[in-house]
Amino acid sequence: MTPAEAIHAGVVAPPVEPEEVDEEKEATDVDEGSEESLHRKLTRLWDDRPGFIGRLTTVNHKTIATRFFVTAFVFFLLAGLESALMRIQLARPENAFIGPDLYNQLFSTHGTTMLFLFAVPMTEAMGLYFVPLMVGTRNVAFPRLNALGYYTYLIGGVLLYVGLFTNTGPDSGWFSYVPLSGPEYSPGKRTDVWAQMITFTEVAGIIGAIEIVTTAFKQRAPGMSLNRVPLFVWAMVVQAFMILFALPMVASASFMLAFDRLVSTHFFNQAEGGDPLLWQHLFWFFGHPEVYIIFIPALGAVASIVATFCRRPNFGYTAAVLSLVSMGFLSFGLWVHHMFATPIPQMGQSFFTAASAMITIPTGILLFTTIATIGAGRPRFDTPLLFVLGFVVLFTVGGLTGVMLASVPLDIQLTDTYFVPGHIHYVLIGGMVFPIFGAAHYWFPKVTGRMMSEAMGKWEFGLLFVGTNLTFFPFFLMALNGMPRRIYTYLPETGWATLNQVATVGAVIFVLGVLLFIVNVVASLRGGAVAGANPWGGETLEWATTSPPPNYNFAHIPIVNGRSALWSAGAELPVATGLSTERREVLLTTVLDAEPDVRHEQPGPSIGPFLTALAVGVTFVSAIFTPWGYVYGPVLVFLGLMVWFWPRPKKADAVLETIEVPR
Amino acid sequence: MSADRDRAAANRAAARRDAARAAGQGSAYPIPTRPALDVHDLPTVTFGHRDVMWWGTNGFVIVETMTLAATVASYFYLRRNFDAWPPTGTPYPSVGIPTLNLVLLLLSIVPYYLLEKAAKKLDRDNLVKWLWVSVAFALATNVLRGFEIAGLNTRWNSNAYGSVVWAVVIVHTTLLITDLFETLVLATIFARKREQEKHYPDASDNSLYSYFMILVWVPLYVIVYWVPRW
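Those sequence lines, one after another, are chains A and B. According to the numbering used here, the first sequence is numbered sequentially starting from 1. According to the numbering used here, the second sequence is numbered sequentially starting from 1.
Hints should not be assumed to be uniformly reliable.
Residues from chain B that face chain A, not an exhaustive set, calculated with beta carbons under 10 angstroms [stated by the list, open to error]:
1. 29
2. 31
3. 36
4. 49
5. 50
6. 63
7. 71
8. 139
9. 156
10. 159
11. 166
Bear in mind the hints are in silico, worked out from the structure with no lab data behind them. For each residue, glycine too, the CB sits at the ideal point set by N, CA and C.
Excised from the complex, chain A in its bound form (with noise of 0.2 angstroms):
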């Protein structure tokens, strides 16, 4: 029997001796007299440089994390501030408070934002921090392509805040809907800043995908075979390729549609062949998914809550991984339900219609194995499982609506209704912000150390439960009244004024639940109590290292002999010993059966992602002006590669000793 084999039949082979070490060897984990020692050589090994520069060049995959987690609740207040404008506007009919061109801006940012520098970008950086760390290793796969990520999304998010502040928001919705977005109705910049922005977060997407599919597959801790990988791990992989075949769809459309306005191409233009419906087709190959985008991480986390808080493994693994997985798939083949009201094939509708109802079973699935857990185990009914409540409820509500609207003759009276955004708000809230909050009170002690106050989090979950039925609720009245949506105002004798009144102030009491959550993370992080390594005895790896985990995460590898790591790991934690000390390595692990295969080193800080994703920001933005950004930017992005990748010298002997010729 191998050691790997021992470690997978669940009899850990006895421990190492440690080696003489003779002098050519380079230093390794063992090598260190004591644990505090090889703490602080592996902490100066793994650190980034000093000052200024050491934050432009840095690669660790929590600094990045952090930073996207900090930029996406940015750009979640300021769509919430744009949606307060509208409810305040909305309140009375005829109210002048916001005039009609501001509000087209306003709506457009605020689903742009919700979806592209929100969601998106929020749920895959809780994959970039806890991935690596669940998995049990020091990094993510790619270290700089994942600072380029981040840099990529950050001037994308800019770019669409300092086009709206500058009276260039996006004014077509955020699905930006040909012909009303093309160059015949929509003169001016606003459609083209909104073309650029996609392309921007659709490049930090794919990024981030790359490295979860590849740190996830190749980096798990040994022992940690595909049976034994944490929900919330197969979650951000389905996501990951979700994005990987439904975000280069957008890419493509977004730029036929810059490139319709900027050089006269006649991709959507009907006049010279062209058709509006391809974009239609092209954007929502990819909207569709991309709900499930959003929504199947945040099933991720669901599922590690429930564990935890109900004390009990996951009921029914084999099935939910399954049900993720086919939802991953069934996804893609939904997307004509959308376009119900164009002029699609009877055969087309009834197969999509079909489709539709057909992912309600992997969801159904999901869910019920959730209340299982929930009924099998002993709850604790601490804040992130009541957001995890939150969540069922909400959910069904919003689930339930799309099974309504997956059927065609309601849908095409429902179109362009109020029905449609209450649906979308259920789905979304319900989906995916209760369970990021959920989350963010569950993991805010492993992120910094501190735990969240436990009163506060149930008032901020009473205020947002509330504050989202009462916003959402009235929608679905107003709908079946007859109110359109994206209109700025109403007439009093529509009998609207009312409900609307009733929805904002179900958003106050939502804004004041999320000004509590501020509230709640500032005292925390001052005054909280300290969390201590694994303040909820959760079962997954990144409750083995500390709080907040040291810059090179794990000091030995961890080795995992069961589904739920630390509670099957006995008194003494097993750990793989022999990776360097002195060069940035991780350990790959065979992809089925996480079976140790290579120690690869990684690269450390550079400025190279950073200079690239200046130079890709003057490609895409000059390009909202001319073509020719597509020809000089691409130079600036070859010397920014250049930069990135261009080795420094090295010890020239000795090499190759350790590379494996394969036969």
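On the provided structure of chain A, position chain B as indicated by the hints.
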């Protein structure tokens, strides 16, 4: 209640540990561990799917396949709007240079394959040689692609046919240019003896990307140059 007490106790223990670490006497792990496996004898560089670069390369291959799929889907979608394809008055795209270029691209698989083999044998001299041969091929195919575009006999702004034909060709041309630059950078690194051990798998994965770039062009070539003639 007892859970709260447990947590309070855990908090106190953690606080003690943090204080100990601040005083410079803690441990690198917050929980007890025992060494159970030594990985020091594992190789540090491998090829193919055992290496992370292979996964990253394939991730980008998926992304680029989907981007090309979007343009091809658009091609056939827009074609339904036309009675004649190419539209009446637009000549067929010239097929001579594109065919020559296709042959050249397929031939360039040979040096890419030989450089991959040399990389896997850590055979520096042969690797450098075949890298330069590949660069020469890539330069030639890029230049020919320029003539190819000039011979499309339509412009991006003529009509939807022109737009979508240009889209298919231009998207693939970005792959072609990327491949040229990647190979050029690798050739320079190895020729100037600046390589590190990890650059050998990089070179072999570069060939993987090249195979994709070349083979994906075969159906695209048929679509752009022969579908209109049928």
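Do the numbers back the hint for residue 49 of chain B, that is, is its least Cβ distance to chain A under 10 angstroms?
holds (7 angstroms)
Quick one, is the residue 166 of chain B hint okay against chain A at 10 angstroms, beta carbons?
Hint on residue 166 of chain B: holds, closest Cβ of chain A at ~8 angstroms, below 10 angstroms.
Are residue 156 of chain B and chain A close enough, Cβ to Cβ, to be under 10 angstroms, as the hint says?
holds (5 angstroms)
Given residue 63 of chain B was flagged as interface, is its beta-carbon under 10 angstroms from a beta-carbon of chain A?
holds (5 angstroms)
With a cut-off of 10 angstroms, does the beta carbon of residue 71 of chain B approach a beta carbon of chain A closely enough for the hint to hold?
holds (6 angstroms)
Does residue 31 of chain B pass the interface check with chain A, least Cβ-Cβ distance below 10 angstroms?
Hint on residue 31 of chain B: holds, closest Cβ of chain A at ~6 angstroms, below 10 angstroms.
Answer holds if the nearest beta-carbon of chain A is closer than 10 angstroms to that of residue 29 of chain B; otherwise answer violated.
At 5 angstroms from the nearest chain A Cβ, residue 29 of chain B passes the 10 angstroms test, so the hint holds.
Just to be careful: measuring from the Cβ of residue 159 of chain B to every Cβ in chain A, is the smallest value less than 10 angstroms?
holds (4 angstroms)
Status of the residue 36 of chain B interface restraint (C-beta, 10 angstroms, chain A)
At about 4 angstroms, which falls below the 10 angstroms cut-off, the nearest Cβ of chain A leaves the hint on residue 36 of chain B intact, so it holds.
Cut-off 10 angstroms, beta-carbon criterion: hint that residue 139 of chain B touches chain A:
Status violated, d = 16 angstroms.
Tell me if residue 50 of chain B is really an interface residue toward chain A, meaning its C-beta lies closer than 10 angstroms to one of theirs.
holds (6 angstroms)
Checked against the numbered hints above, the structure violates only hint 8.
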